[in-house]
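**Q** Sequence:
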Amino acid sequence: MQKEIIRNMSNKVRVRFAPSPTGPLHIGGVRTALYNYLFAKKHGGTMILRIEDTDQGRFVPGAEEYIIDSLSWLGIKFDEGVHVGGPFGPYRQSDRKAMYLEYCDTLVNNNWAYFAFDSAEDLEALRKQFEAEKKSFQYDAQTRVTLKNSLTLPKEEVEKLLADGAPYVIRFKMPAHEEVHINDLIRGHVVVKTETLDDKVLFKSDGMPTYHLANIVDDHLMEITHVIRGEEWLPSAPLHVMLYKAFGWEDTMPQFAHLPLLLKPDGNGKLSKRDGDRLGFPVFPTQWTDPKTGEVSSGYRESGYFPEAVINILAFLGWNPGTEQEIFTMEELIQAFSIERISKSGAKFDLEKAKWFNQQYLRQHDNEFLALSFEILLEQKGIINSDHEMVLKIIELIKERVSFVNELWEQSKFFFVAPDTYDEQVIKKRWKEDTAQHLKSLADIINNTITHQREPLHDNVVQYITDNSLNMGQIMNCLRLVIVGAGMGPDLFTIIEMIGKEESIKRINKGINSINN
RNA sequence: GGCCCGUUCGUCUAGAUGGCCCAGGACGCUAGGUUUUCAUCCUAGAAAUCAGGGGUUCGAAUCCCCUACGGGCUACCA
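For the first sequence, numbering that gives the first Met the number 0 begins at 0 and goes up steadily by one.
Rather than coming from a laboratory, the hints here were simulated on the basis of the structure. You may find that some hints are simply not true.
Stated by the list, open to error - Derived DMTMM-like pairs (lysine to aspartate or glutamate); straight-line CA-CA distance at most 20 Å:
id: 1; residue 1: Lys159; residue 2: Glu130
id: 2; residue 1: Lys96; residue 2: Asp205
id: 3; residue 1: Lys96; residue 2: Asp54
id: 4; residue 1: Lys398; residue 2: Asp490
What the hints assert, rightly or not - Pair ranges (Cβ atoms, derived):
id: 5; residue 1: Glu423; residue 2: Ser71; range: 17 to 27 Å
id: 6; residue 1: Lys11; residue 2: Lys133; range: 45 to 55 Å
id: 7; residue 1: Lys11; residue 2: Glu409; range: 43 to 53 Å
id: 8; residue 1: Lys11; residue 2: Thr195; range: 44 to 54 Å
id: 9; residue 1: Asp458; residue 2: Lys41; range: 57 to 67 Å
id: 10; residue 1: Glu155; residue 2: Val190; range: 17 to 27 Å
id: 11; residue 1: Asp250; residue 2: Gly85; range: 54 to 64 Å
id: 12; residue 1: Glu132; residue 2: Thr328; range: 20 to 30 Å
id: 13; residue 1: Ile444; residue 2: Gly293; range: 18 to 28 Å
id: 14; residue 1: Asp386; residue 2: Gly486; range: 22 to 32 Å
Ideal Cβ positions, reconstructed from N, Cα and C, are used throughout, including at glycine.
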């Protein structure tokens, strides 16, 4: 009753993201969730999280929580789902178990499905046998008449088997000579002949439905209007269309959109869990520890990516707005998104571009936010009770030099600790016989400068260089070398001002000793 | 093997109804400038005979066909 009212009230968009809890969600899955979310929000629709846990053998503890938490970190919110409830629940297929058999029975009664008693071993043997003859076995209109099922067995025997509790599956009775037409929102019109399709199992002998059955029943019951999923589902889409037909639900069948795949950055093929840590970028939104093996897979969050950046990166892998704008907030993505602008071909993940996106977002964050993040990092480096004002100043100085928060340390550690190594390249190029002597004089000059401020310090040092007709680049770079440890970093005198005269002089002496020995 | 999908610079891609495209942008790369360093920033540049071949057309990256290559699926997994 309630559902009828909802349906009649509007033909509002309702989409679902339907992962199975077999492990952490990889970025391909995250992108699917994102596109569903963008589409739903664009049309003022409803975004649903449904957990497809019909394969009890592949259930992984913690995976469902992981999916919810990682999507939440990314800002992908659900209107209905396992974790938030809603009028179309339950949203976990194992909790809907009871209803599937009922639907399956109507299919059997209408001659759209049948009981099959062939054991997994029998079928396996058959497959082997076919293979030996260089043919491939398919349980279909041609072979089903030779197999052990309610189509070939006498009615009494079927009833007896069922009554005796013999293991069985229910298979879809795929018609022999029909054409299935799919109008995919991304790929256009696709036609498939039913004779190339097999009699897929709808209901397993363990009492659970397969994905195919559960997904159609649930999408129908949950009044899903658009199914946006990965291209790997395209081959089974004809079966799904046939199921809608068999149930008599064609009129409310959702529209399909099959997304292009996310490919390995090197070579070809679908991006897989293994690729990430092999190629130096995460494939998971957040870090995941395998509950069985204890194996840890890195995540974007732990690698220092901002959630906004990950969203932006993923949004552009397979979609673009057709304008030159590349940096998009979630709100802007929602406004700009359309299924028509999703590309058909697979996209490779580009690590360099991903870094660039993160850098753009890092620059957008205010210094206060970055300082707070950096202070956590500093504590891990053993810098306790750092002066907040100083950290803020440092952020300002080096913000433009990094793409990730965790790169801030490399770019600024000389503000906190004296260098204990000195860049060999710089030594080789700049360090001369008389360098140590000049640096000693500069230490005196710094010491004798009345204030610790940048300007007078700078002027006095430059004065010394000009007075002695020295090479500016050589002396300055050597001074930088002993203060910073390398030929990098922001304005030298700003650094000296910030670490103080005393510390600077110490570093000059330490540097001279280390380098000259 | 069978079925299905795809193919524009190294990568992500732009390219409504064929002419404005000897193909545009971004990342990366190269060079120069700024910065007495490095990074940033600025400027310039290299980079796709639009997978190949046939058509259709006055005209095709854009339409049609074929081929090649790549990918997905082919479980009582999703």
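**Q** All hints are to be evaluated individually against the structure, with a verdict given for each.
**A** Verification of the supplied hints:
1. Lys159 <-> Glu130: Given pair Lys159, Glu130 is violated - Cα atoms ~33 Å apart, limit 20 Å.
2. Lys96 <-> Asp205: 11 Å, holds
3. Lys96 <-> Asp54: 12 Å, holds
4. Lys398 <-> Asp490: Status holds; Cα separation ~14 Å.
5. Glu423 <-> Ser71: 17 to 27 Å: Taking Cβ atoms as reference, Glu423 and Ser71 lie about 47 Å apart, which means the hint is violated.
6. Lys11 <-> Lys133: 45 to 55 Å: 52 Å, holds
7. Lys11 <-> Glu409: 43 to 53 Å: The hint (43 to 53 Å, Cβ to Cβ) holds, given that Lys11 and Glu409 are roughly 50 Å apart.
8. Lys11 <-> Thr195: 44 to 54 Å: 36 Å, violated
9. Asp458 <-> Lys41: 57 to 67 Å: 59 Å, holds
10. Glu155 <-> Val190: 17 to 27 Å: 41 Å, violated
11. Asp250 <-> Gly85: 54 to 64 Å: 24 Å, violated
12. Glu132 <-> Thr328: 20 to 30 Å: Between Glu132 and Thr328, where Cβ atoms are some 59 Å apart, the hint is violated.
13. Ile444 <-> Gly293: 18 to 28 Å: 58 Å, violated
14. Asp386 <-> Gly486: 22 to 32 Å: Given a distance of about 27 Å, which is inside 22 to 32 Å, the answer is holds.
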